[in-house]
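S.K.: Take each chain as given, in its own frame, and dock them per the hints.
Single-letter residue listing:
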Amino acid sequence: GDSVTQMEGPVTLSEEAFLTINCTYTATGYPSLFWYVQYPGEGLQLLLKATKADDKGSNKGFEATYRKETTSFHLEKGSVQVSDSAVYFCALSGYGQNFVFGPGTRLSVLP
Amino acid sequence: EPEVTQTPSHQVTQMGQEVILRCVPISNHLYFYWYRQILGQKVEFLVSFYNNEISEKSEIFDDQFSVERPDGSNFTLKIRSTKLEDSAMYFCASNAQGGSNQPQHFGDGTRLSIL
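These protein sequence lines are chains X and F, in that order. No gaps in the numbering here: position 24 of the first sequence is 24 in this note's numbering, and each next residue is one more. No gaps in the numbering here: position 17 of the second sequence is 17 in this note's numbering, and each next residue is one more.
It is worth saying that the hints were derived from the structure and are not from the lab. Careful, some of the hints might be misleading.
Restraint-style ranges between C-beta atoms, simulated for each label pair [said to hold, decoys possible]: (1) Y39(X) with Q14(F): 29 to 37 Å; (2) L30(F) with D55(X): 21 to 29 Å; (3) M15(F) with E16(X): 47 to 55 Å; (4) T5(F) with N59(X): 21 to 29 Å; (5) L39(F) with L46(X): 22 to 30 Å; (6) E68(F) with V82(X): 37 to 45 Å; (7) A17(X) with K78(F): 25 to 33 Å.
Derived coverage of chain X by chain F (criterion: at least 3 residues anywhere in the stretch with Cβ under 8 Å from a Cβ of chain F; other residues may be distant) [unchecked claim]: (8) 28-39; (9) 43-49.
No farther apart than 27 Å at their CA atoms in a straight line, the calculated lysine-lysine pairs in the BS3-like style are these [what the hints assert, rightly or not]: (10) K78(F) with K57(F); (11) K57(F) with K77(X); (12) K42(F) with K78(F); (13) K68(X) with K42(F); (14) K56(X) with K68(X); (15) K52(X) with K77(X); (16) K52(X) with K68(X); (17) K60(X) with K42(F); (18) K83(F) with K57(F); (19) K60(X) with K77(X); (20) K42(F) with K56(X); (21) K83(F) with K42(F); (22) K57(F) with K42(F); (23) K52(X) with K42(F); (24) K77(X) with K56(X); (25) K52(X) with K57(F).
We treat Cβ as the ideally placed atom computed from N, Cα and C, and that holds for glycine.
If we strip away everything but chain F, and leave its shape as in the complex, we get (with noise of 0.2 Å):
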């Protein structure tokens, strides 16, 4: 079956640089999302991507948080300068179709470490 993809497992970073979270969704999906999980709490949205640019986005998504699919098969979420508070756990998502009653496929997700 196949399945949604996610690199690194685990990222380690120091406070202030910069760091890319790599995914690569199904592969006739059209629909792509990131949420996070900050440990012990529950899984939050952070934005959703259609046809090369972001369809919605939470509060949490800020300035310093962006997404891009740079070629046909990888979607990325850059954090510009990382803070001690984005230590967490990011799910990236994909469905073929939008609305409400579709099944987002999840990866088994990066853990990202702020040090």
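Chain X on its own, in the form it takes in the complex (with noise of 0.2 Å):
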């Protein structure tokens, strides 16, 4: 079935620095995949989605690029701040309507 994985956390980071977590799927056909993250207490929000190969998801700073060669989606962003401590889950959709989500990868960013 399909399936999805994420680099294991925690992932840990000061301020500012350079961020990237690994995602790579396995599915049948042309999924759609997404980023969701899940700040302390709270539920699952959108992050960002590329629904066919070679788009690029992006918001608050964060991007990602569907890549079906190497069937990739990983989330990267440029300079992270304390707020963007977190949990983030990588997710495909694909036949079926349900999704399928990746373990999640917590990041702490220090001051």
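M.R.: If you want it as structure tokens, here you go:
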């Protein structure tokens, strides 16, 4: 079945550092890909999405490019802030309506 | 911005008891979902619901689970006889259209603790 793999956390960075969180997927066909963020005590919020190969999703300084050849959708941000501390989930949506989530990566940004 | 709301935020229940988790999806949304997240593990799909019937369910969603849209606004998840391993965070989600390219909007979740 479909699956999503993410780099294991936690990831700890200093403020203004560059962030990469790796995400790779296995799916039948051409899924849509998403990044969700979960701040402490809150639900899952959509961060960005890409629905076809070579699409780049972007939001709040975060970017991710749908790479079909490497089945990847890595999340990047050029300069992280303390307020970016959260758990980040990569997810795909394939033929079914349900989402398949990765295990999540906890990011801690230190001042 | 419209939100998916879930109640209660925390539910503590004795093993073997029935529990109902409630969700109010965004008002013009037609597709509804339940997911769960056991502490420290990934978010797992339970069930999707459209046009007053289940459209898809996972292996987790066995006979102990049921969903209902009792009126025009609520969407509920019932666990008939809870087990210790049902302890998890349960998330409700909705979207206006089905289809793989549509993001789902999530509530803040209900933390279910089975004693």
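S.K.: Next, verify each hint and record whether it holds.
M.R.: Checked hints:
Range check, Y39(X) to Q14(F): about 31 Å between beta-carbon atoms, so the 29 to 37 Å window is met. Hint check: L30(F) to D55(X), Cβ distance near 25 Å, so the stated range 21 to 29 Å holds. The hinted window of 47 to 55 Å between M15(F) and E16(X) holds, with their beta carbons roughly 49 Å apart. Judged by the Cβ atoms, the range 21 to 29 Å given for T5(F) and N59(X) holds: they are separated by roughly 23 Å.
Distance hint for L39(F) and L46(X): a CB-CB separation of about 23 Å, consistent with the stated range 22 to 30 Å. For E68(F) and V82(X), the hinted distance range of 37 to 45 Å is satisfied, since their beta carbons lie about 42 Å from each other. For A17(X) and K78(F), the Cβ-Cβ distance of about 46 Å falls outside the hinted range of 25 to 33 Å, so the restraint is violated. Under the rule that three or more residues need a Cβ within less than 8 Å of chain F, the assignment of the region 28-39 of chain X holds, with 4 such residues.
By the rule of at least three residues with a Cβ nearer than 8 Å to a Cβ of chain F, the coverage given for the region 43-49 of chain X holds, with 5 such residues. For the proposed pair K78(F) and K57(F), the alpha carbon gap of about 14 Å is at most 27 Å, so the pair holds. In summary, the hint linking K57(F) to K77(X) is not supported, as the alpha carbons are separated by about 35 Å, beyond the 27 Å threshold. Taking the CA atoms of K42(F) and K78(F), the gap is about 21 Å. The hint holds against a cut of 27 Å.
This hinted pair checks out: K68(X) and K42(F) have alpha carbons roughly 24 Å apart, not beyond 27 Å. For a cut-off of 27 Å, the pair hint linking K56(X) to K68(X) stands: about 12 Å separates their Cα positions. Using a Cα cut-off of 27 Å, the hinted pair K52(X) and K77(X) holds, with the two alpha carbons roughly 21 Å apart. Straight-line distance between C-alpha atoms of K52(X) and K68(X) comes to about 8 Å, which keeps the hinted pair within the 27 Å bound.
Our distance criterion of 27 Å between C-alpha atoms is met by K60(X) and K42(F), whose separation comes to about 24 Å. Proposed proximity of K83(F) and K57(F) is supported: the alpha carbons are some 19 Å apart, at most 27 Å. Between K60(X) and K77(X) the alpha-carbon distance is near 9 Å, which keeps this suggested pair within the 27 Å criterion. With a C-alpha separation of about 25 Å, the suggested pair K42(F) and K56(X) falls inside the 27 Å cut-off, and the hint holds.
The hinted pair formed by K83(F) and K42(F) meets the criterion: a straight-line CA distance of about 19 Å does not exceed 27 Å. For the suggested pair K57(F) and K42(F), the alpha carbons sit about 17 Å apart, so the restraint of at most 27 Å is met. Among the hinted pairs, K52(X) with K42(F) is consistent with the structure: their alpha-carbon atoms are about 24 Å apart, no more than 27 Å. For the hint pairing K77(X) with K56(X), the CA-to-CA distance comes to about 13 Å; that is within 27 Å, so the pair holds.
Restraint check for K52(X) and K57(F): the C-alpha separation of about 26 Å stays at or below 27 Å, so the hint holds.
Of the numbered hints stated above, those contradicted by the structure are hints 7 and 11, listed in ascending order.
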